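There are 2 protein chains.
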Amino acid sequence: MSNFSKKTWEQIHSIFYPRSIAVVGANKVKGTVPSDIFYNILKADFQGILYPVSPKEQFIASVKSYKYVVDIPDAVDIAILVFPSSVCHMAMEQCGQKGIKSMIIISAGFKEVGGAGIDRENQIKDIAKKYGISFIGPNCLGVINTDPNCMMNASFAREMPDAGSIGFISQSGALCTAVLDYARAKHIGFSKFVSFGNKADINEIDLLMYLKNDPQTKVILMYLEEVSDGQALMGIAQEIISETGKPILALKSGRTSEGASAAASHTGALAGSDEVCDAAFEQAGIIRCENIEEMFNYAIAFAYQPLPQSNRVAIITNAGGPGVLATDMAIKSGLELAKFSEETTKALKKSLPVTANIKNPVDVIGDARADRYVTSLTSILKDKSVDGAMVILTPQSMTDIVNIADEISKIAKESPKPFLTSFMGASDVAAGIDIIQKRNIPHYQLPEDMCKSFAAAYNFKKRLGTKISPLEIFEDVDSKTAKSILKKAASEGRKFLTEEEGIKILDSYKLPVLPNGLAKSEDEAAMIAEKIGFPVVLKIMSEDIVHKFDVGGVRLNLNSIEEVRTAYGEMMRNVKAAMPEARIKGILVQKMVKGGEEVIIGLKRDYTFGPVIMFGLGGIFVEVLKDVKFRVIPVAKETIYEMIREIKSYHLLTGARGRSKKDIDSVVNCIQRISQLAVDCPQIKELDINPLLVQDEGGGCFVTDTKIML
Amino acid sequence: MSNFSKKTWEQIHSIFYPRSIAVVGANKVKGTVPSDIFYNILKADFQGILYPVSPKEQFIASVKSYKYVVDIPDAVDIAILVFPSSVCHMAMEQCGQKGIKSMIIISAGFKEVGGAGIDRENQIKDIAKKYGISFIGPNCLGVINTDPNCMMNASFAREMPDAGSIGFISQSGALCTAVLDYARAKHIGFSKFVSFGNKADINEIDLLMYLKNDPQTKVILMYLEEVSDGQALMGIAQEIISETGKPILALKSGRTSEGASAAASHTGALAGSDEVCDAAFEQAGIIRCENIEEMFNYAIAFAYQPLPQSNRVAIITNAGGPGVLATDMAIKSGLELAKFSEETTKALKKSLPVTANIKNPVDVIGDARADRYVTSLTSILKDKSVDGAMVILTPQSMTDIVNIADEISKIAKESPKPFLTSFMGASDVAAGIDIIQKRNIPHYQLPEDMCKSFAAAYNFKKRLGTKISPLEIFEDVDSKTAKSILKKAASEGRKFLTEEEGIKILDSYKLPVLPNGLAKSEDEAAMIAEKIGFPVVLKIMSEDIVHKFDVGGVRLNLNSIEEVRTAYGEMMRNVKAAMPEARIKGILVQKMVKGGEEVIIGLKRDYTFGPVIMFGLGGIFVEVLKDVKFRVIPVAKETIYEMIREIKSYHLLTGARGRSKKDIDSVVNCIQRISQLAVDCPQIKELDINPLLVQDEGGGCFVTDTKIML
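These protein sequence lines map, in sequence, to chains A and B. Under the working numbering, the first sequence has 207 at position 207, and the numbering climbs by one with no breaks. Under the working numbering, the second sequence has 430 at position 430, and the numbering climbs by one with no breaks.
These are calculated hints, taken from the structure and not from any lab test. Since we're looking at a predicted model, the values are computed, not measured. Don't take every hint at face value.
Put simply, identical chains are the same to the list, so a pair is met inside one copy or across any two.
For lysine-lysine, the following DSSO-like pairs were computed, each having C-alpha atoms within a straight-line distance of at most 30 angstroms [as the list claims (entries may be wrong)]:
no., residue 1, residue 2
1, Lys111, Lys349
2, Lys349, Lys30
3, Lys111, Lys346
4, Lys495, Lys629
5, Lys111, Lys359
6, Lys30, Lys350
7, Lys594, Lys661
8, Lys480, Lys707
9, Lys350, Lys111
10, Lys707, Lys359
11, Lys626, Lys332
12, Lys111, Lys332
13, Lys111, Lys339
14, Lys626, Lys661
15, Lys591, Lys504
Next up, chain A with everything else stripped away, as it sits in the complex:
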């Protein structure tokens, strides 16, 4: 069982596979939710006993009705609540008394309407707790299970969907009706279909945990408006993908953030919630889709076809133009056009007319009938250099569309390689598309979408093959020191650490801070400088001064004792003139390093996903170009390298254009240690190391400036 879910598998299972259902609040008024749900369950031939519960009716649709749920003489597995929200708590209390442990609460009028609705939601949560009830909802469309052993349509959707291998869970009920309608037209079936509404009890994590072990579900789709627990979502997703290989596709709204909150650090300002969500989903292996159509485009490729071994595709078309458009998108999506073997080339030459193009993309020419598609596909799919086929058709007057659909879908069924199709048009090609879709061969209206879907399957396959090493924990850190500094600052009600404190914390986690010392007098400054060697930097240390530069509190590149002494005196005078009230702890004397590439490492806490690490090149790259990447902590070593490789300016670190190669390994080590610090010390709200000076390969890197916020 997974650690990420608050529910047991059995608790969720009892909702999907009841042997008896009470519809509490059912009525006879067709076209209303209470009635539609009752009739939907009845119509779908539910494999168990259905009880209407209604204060008014003696029977509904010839089925004996009970006034109260407690009146039902037999045991009831689940109750579906369709009463108005104002009386739900009373009905729920009775369900508890009846010993019902699982419920679906359809009724709206809870948290989503605010005010009294929030109280009502808390009330039903309390009752659920009291009786140990697990429930889906409130404010949802319901739950559908197409398993022939159950056949439950406990929803007010218009129709029961076909059975299939796609599990769909959604936070929006209204979107579900659109999805069901869309899917039915394409003969796309579902294993489980859940609208989970306000998720007052059971949430997406619990449902994912269930679908992980649901044998009917091969592909998981979800629509989310807000993530309940980011870390748990990532955890369960990684578990599902690594243990079962089931792909998870997500549509998450809220892409345009409300604007990053005014934050004191660069990381805070740059890590908008949607950027972090993007990074988190990618890190967890969740495929984030742009819209419903893209989600189902990918879903059918995953659900109906094997994953491709690699990315070498063959395109077969009866139209040059669309062949070119498909090739463009294939290449853009990271696919390659397979180079056919001599044998295949010979076979194509033999079976196709001279005007045909026998090179990939293969053009069987506009007047092609089924035979040309069949012979060319047969030899192409046998070719070892081909990882999958994509077939395009346009409807010329002589194109025998239905016959071609029939023949090629037979070939698709027999081939162990992925096989996607695109019959372009609408009316003329409709009958052909219908044949293909009924046989569960993926079909796409646009060749471009076909290519993107093949690429999605290929990328998922590639990901399944990559190994992630276990998290490295450094034993040489001194978390006690770090914690005591943070505790002290917190006790003083401070929001910022001084740089001296920041350096000490980083030092305690063995980050490469430069030799330094706090001087309280000119003499001390001179002594420390001599000890650590020139050049040095002087920085004013005061809890009251955040922007040291602005008050003359920083002096760079001091090369002698005399320069240090002079600078010390001048700085003190400047600062006192600028901020006479500031409490000054002294001046930090720090070794100065010249050269190296400036990078930034940042840390912030995302409301949803928790600690997030940021990486980018410093200076204008972060400030103007915003060329930074994010990962959620904890983060494996491979993932850190991946994050570094993803920035656009990456080649500045690898020796592009005659530059020297930089010590990326040492940066990765720093990020690992900061991640560990973030986990050990949740008091740290934000952190910037800016810049970290990265030296040439083998030369390590140095923290030159740091800012830590509580």
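We have chain A already, so just place chain B on it with the hints.
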């Protein structure tokens, strides 16, 4: 009449509006091209006389047939050639003798098959020239004109499309059949529909010129595989947009280029043909679409609705989830959610239930029936702060889809503001969508596509409003000097100019080159240096040395006569040691400027679009980040500013993060002068000014290095 077309409007018109047609090569074998074309013309009720010409048949479909076209007793306006390619030239010769001046050549087997096909194509071109024949094709699907005065379906498409205001021209015939099928299902009509195939005579420019003045055509769509004449295409597009306001949407394949050719300049290496095509289309106002679906999504917004006055949209939905998804895409596409007036807010509050969301996006709630859509849309469309409405519907069991479709389309018809719809799903919503589409209200399966289409209309409207000033021609340039230098280099068979020559050319076009002089001895170098002032740079001048740095041929930052003398001697020795054979003209002594932002200005000749200018920041920005933008020459001042603003690192020039503002005006002036040079001297193949050092505002800029290739 336009200057860009090789044809007169009347020549093209005669093909679209013939009073008599001969189908040369017609036969009775149904399901073949020669038969299908004849029957298509007949079936469509062509408003003129149709003559079959067939060597074998006496009549086809009860219409008297002629053995040869010359046998037809009356005048024939156009001939449609459907004979096999091998005999086309003979039939064409007869058409010429018959005095036919306009033809559509459907037959395939010409240039597209290579070899003898190329000869056949040249042969028919020669015959056309001899007789003054204009023709469309060969290798095409044909031509359709839905004008009730003509009703010509001279194509082998399956059916005649509906009449409408979209003009469609396509290089691919097979794509046309898919497009017609796709459009028919959505009740999208066409004014003219042309498959122009190999464009051996009439090409896209001629057709655009015709559609510009075609009163039936409101929106122009085109599919191109290669552009015949880039400058002419841009010219006619700009003319159409500025003179008629008709939008032009293009689908252009070949997005993934064959890899930029190995070029000697940065500009050459960065300007892939597709990047240039993107820039050229944008510059000309052509809207480049990603795929057929996007093209028609935009087309119906343009064809059916007025352009929005601005970008403040209202979203009305019966489902929260899709409302959020639409809002995300609206914002991302540059739209704004309108803020309703108090009056509107009051009206919404009055007419909608308390659980509804009366703020934009307005949620009329899942159980909404037509009345809620009607009352809210009525008040919203009256609101002066709303520029257009986008309506979303999802099919709940109580949703009266057909009624809603009927009611809102009436409102749409009465409103002067753009009105787009998205009924989500497929089967359940089909009848509603059909009503909407039949009434020519734009409908989109995805709310996201609806938002993108609204944004496309808004962006086009914005573009129509921007003024482009006439091209500035500088009179102070000395083109004679430039030309004589180029002539001399060409006569010596050189591919590169020396830097001295390059500087002279730039100087002759009044670009800000630094004071300099060519020294042939140490003494001369010292003298020149003293005259222009220190610091100076020395650079070896030799036609044989391209990479001066590599052979020790450059010395920077020389601050005194002594340094200049020493450097001169050392450089001569170094270069002679490294390249003893090199012919050395001397050493260029040039003023050195410190500071300023490095930018690059480049020039190259694109195969399709001609001279192209490039702009970007220098150094790593061009080399690693490839942060550059292109425009096709000639280029208006506003367009140059726009190009500069488009680079990602633009804010480095405008004073971001405490930097100083740079003299962008002086850069624009440089680009204008380089553009003029490119037009005056077509011998210049590529040119890099890298870097141009841009000083603070008012300080101008300086050319420090230049490379010119022939």
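(message) One pair to classify: lysine 111 and lysine 346, alpha carbons no more than 30 angstroms apart. Within, between, both, or neither?
(response) between (68 angstroms within a copy, 24 angstroms between copies)
(message) My question is about lysine 626 and lysine 332: at a cut-off of 30 angstroms on alpha-carbon distance, are they close within one copy, between copies, both, or neither?
(response) Result: close both inside a copy and across copies, 24 angstroms intra and 18 angstroms inter.
(request) First find the shortest C-alpha distance between lysine 707 and lysine 359 inside one copy, then the shortest across copies, and answer within, between, both or neither for a cut-off of 30 angstroms. (result) Classified as neither; 59 angstroms inside a copy, 41 angstroms across copies.
(message) Reference check for the pair lysine 591 and lysine 504, CA-CA at most 30 angstroms: within, between, both, or neither?
(response) For lysine 591 and lysine 504, only the intra-copy Cα distance (15 angstroms) is at most 30 angstroms; the inter-copy one is 50 angstroms.
(request) With 30 angstroms as the alpha-carbon cut-off, assign the pair lysine 480 and lysine 707 to within, between, both or neither. (result) within (20 angstroms within a copy, 62 angstroms between copies)
(message) One pair to classify: lysine 30 and lysine 350, alpha carbons no more than 30 angstroms apart. Within, between, both, or neither?
(response) Cα proximity of lysine 30 and lysine 350: across copies only (28 angstroms, versus 64 angstroms in one copy).
(message) For lysine 594 and lysine 661, with the copy left unspecified, which applies at a CA distance of at most 30 angstroms: within, between, both, or neither?
(response) Answer is both; intra-copy 16 angstroms and inter-copy 28 angstroms each pass.
(request) Give the relationship of lysine 111 and lysine 349 under a CA distance limit of 30 angstroms: within one copy only, between copies only, both, or neither. (result) between (67 angstroms within a copy, 20 angstroms between copies)
(message) Cα distance capped at 30 angstroms. Does lysine 111 pair with lysine 359 within a copy, between copies, both, or neither?
(response) between (60 angstroms within a copy, 18 angstroms between copies)
(request) Could you place lysine 349 and lysine 30 in one of the four classes (within, between, both, neither) given a Cα distance threshold of 30 angstroms? (result) Between copies only: 28 angstroms across, 64 angstroms inside.
(request) Indicate which option fits the pair lysine 626, lysine 661 if close means a Cα-Cα distance not exceeding 30 angstroms: within, between, both or neither. (result) both (23 angstroms within a copy, 20 angstroms between copies)
(request) Measure nothing new, just compare the shortest in-copy and cross-copy C-alpha distances for lysine 495 and lysine 629 to 30 angstroms and report within, between, both or neither. (result) within (26 angstroms within a copy, 44 angstroms between copies)
Checked against the numbered hints listed earlier, the structure breaks hint 10 alone; every other hint is satisfied.
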